[in-house]
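Asker: So the protein lines, in turn, are chains A and B.
For the first sequence, position 159 (counting from the first letter as 1) is numbered 143 according to my numbering, and the numbering increases by one without interruption.
Position in the second sequence (from 1) plus 1 gives the number in my numbering.
There could be a bad hint or two in this list.
Claimed, not checked - Listed below are several chain B residues computed to face chain A (Cβ distance under 7 Å; list not exhaustive): (1) Q5; (2) Q43; (3) H46; (4) R53; (5) L66; (6) S69; (7) A79; (8) L80; (9) T106; (10) I133; (11) T135; (12) G137.
Hints in this document: simulated from the structure, not taken from any laboratory.
Glycine included, C-beta positions come from ideal geometry on N, C-alpha and C.
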Amino acid sequence: MVKRVAIVGVGLIPWKSRYPDKTYYELALDVTKAALSDARLGPNDIDSVVHGMSDLMVAWVRQCCASTTVQDYIGMSGKPSVHVTAGAVTGAMAVRQGALEIMSGMSDVTLVVGSGKGMDLYDEASGKRSKAFLQAIMLDLDMTWETPVEPIAAANFGFVVQAHMDRFGSPTEEQMAKVSVKNHGNALTNPLAQSGLKLSIDDVMQSRRIAGPVKFYDCCLYSEGAAALILASEDRAREICDNPIWIEGIGSCTQRSYMPDFDQLGRLVCQQVAAKKAYSMAGIKNPMMELDFIETHDLLTGIELISYAELGLCEPGQGGRLIDEGVTEKTGRMPVNPSGGMIGCGHVAGCSGISRIGEITQQLRGKAGGTQVPINKGKALFSAIGAPSISQSCTIVLGV
Amino acid sequence: MDNQNIFEADLTDVYRYKFSYGGQSPYFHGLARGRLVASCCQSCHFTWLPMREICSRCYGETKKLELSNEGEILTSLALPSAPIQLEQFGFPVASALVRIDGADTCIKTLVVSRTGNFAKGTRVKAEFGPKISTIGDFWFVTIV
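Use the sequences and the hints to build the structure in full.
Answerer: Laid out in structure tokens, this is it:
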């Protein structure tokens, strides 16, 4: 019998452009302590650790196995650990791996922790850290089949947005701008967010063009940060707390990377399949009717709009209509990214997914503060997409 | 800790490569000759470009073939400025997915357009730089 898995502890810290006063393992310690405190547990209560950290850590912090340093520094030496890495999907896949630890009976209590720091990189000529950071990402994406012909980091996702526009005639740039306004605005109520802003559609439309239809305010920020979750088996969860948040469904899928199938152009098929698997496991037939809200990867505004269809909220090509009608606003019928998403909060490939699942947990507990949305059905969804050419997705249904 | 007391070190790493393209070397040898080398699966007849030694769909053996150097844009992303190897043209450049005639796959590549037209369906023809090291050393120009 597969064991049920609950989230019983959450450790989050603010997203920042840089933590000059903390190493990545010190950030990991901060969130681990916070998650243990939230669960009222100590380090000795943890059976195993799953580390969600990007393989970009090689370039960012000059450490190829950053999890070994973290494992030591957070006081978990002597316990089993595994390091999960899958581009922007890393955090979600780390939670999936943590859940598998418990479902399999190998562990009763598992810590899932991730941290990321990239702004120690520095471009001497311009004096800018962000330029060196983006250059490192580009060089490490795929030197054979991508980087030489995609000189801009946003191009990887921009291709999908442009192809979707070519194929379905949407989203429009104005619809994309509405997502930017929404997510930056939602972030204003999130004390952990890096980029809460009150923007107008015109502000977004007039911002610097990055590539194709993508403009500056359509893009998520890169940040530094960390996040941790404590997962527990059903028996242990009921001992630990009165309000466990259950992992009710998990789906994961990949698709061809640098040469997409023709019929997949402009689609996020891996996300669609991952969502269907997660819904099936959770017994969800109609997500619009059965979920309270969704947190999904908004690396670009257009990607969020395309995801609406892949997650079953509408037909392909209709995502723009949902933002026009206000359906996905915080006060709408299906709030999407009430936390502010990556665009409003920030993003570190590695711990972003862990953080977003932490935000969902707080929402379902009714403890999300200013970002709180009404919880009537007791279920929410997290969906991550990423990796070179957006070739991987992991989607998780959580419930009370 | 007070940010003024942070100890920061200036560090520089430089890596150099003699980078092997392994079993896909024939593709790059082809680029150096101004040709696009594909491979056709002898079992399922799927044509891969760039060539693969083994078909990733059915694991069948493949046979190399040279395709024409023309195709069409499937989708594109106009770039704000041209990569350094294409600055010489002085024309707009896009990253694009291009389907070469006869291939069952598309390739990510760079496209140069005198008119700035990178619309889906636009016909393009390959051009090759003087030295091939990466896939950025060949590109396509739109056929007017």
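Asker: Of the hints given before, which are not true for this structure?
Answerer: 1, 2, 3, 4, 5, 6 and 10
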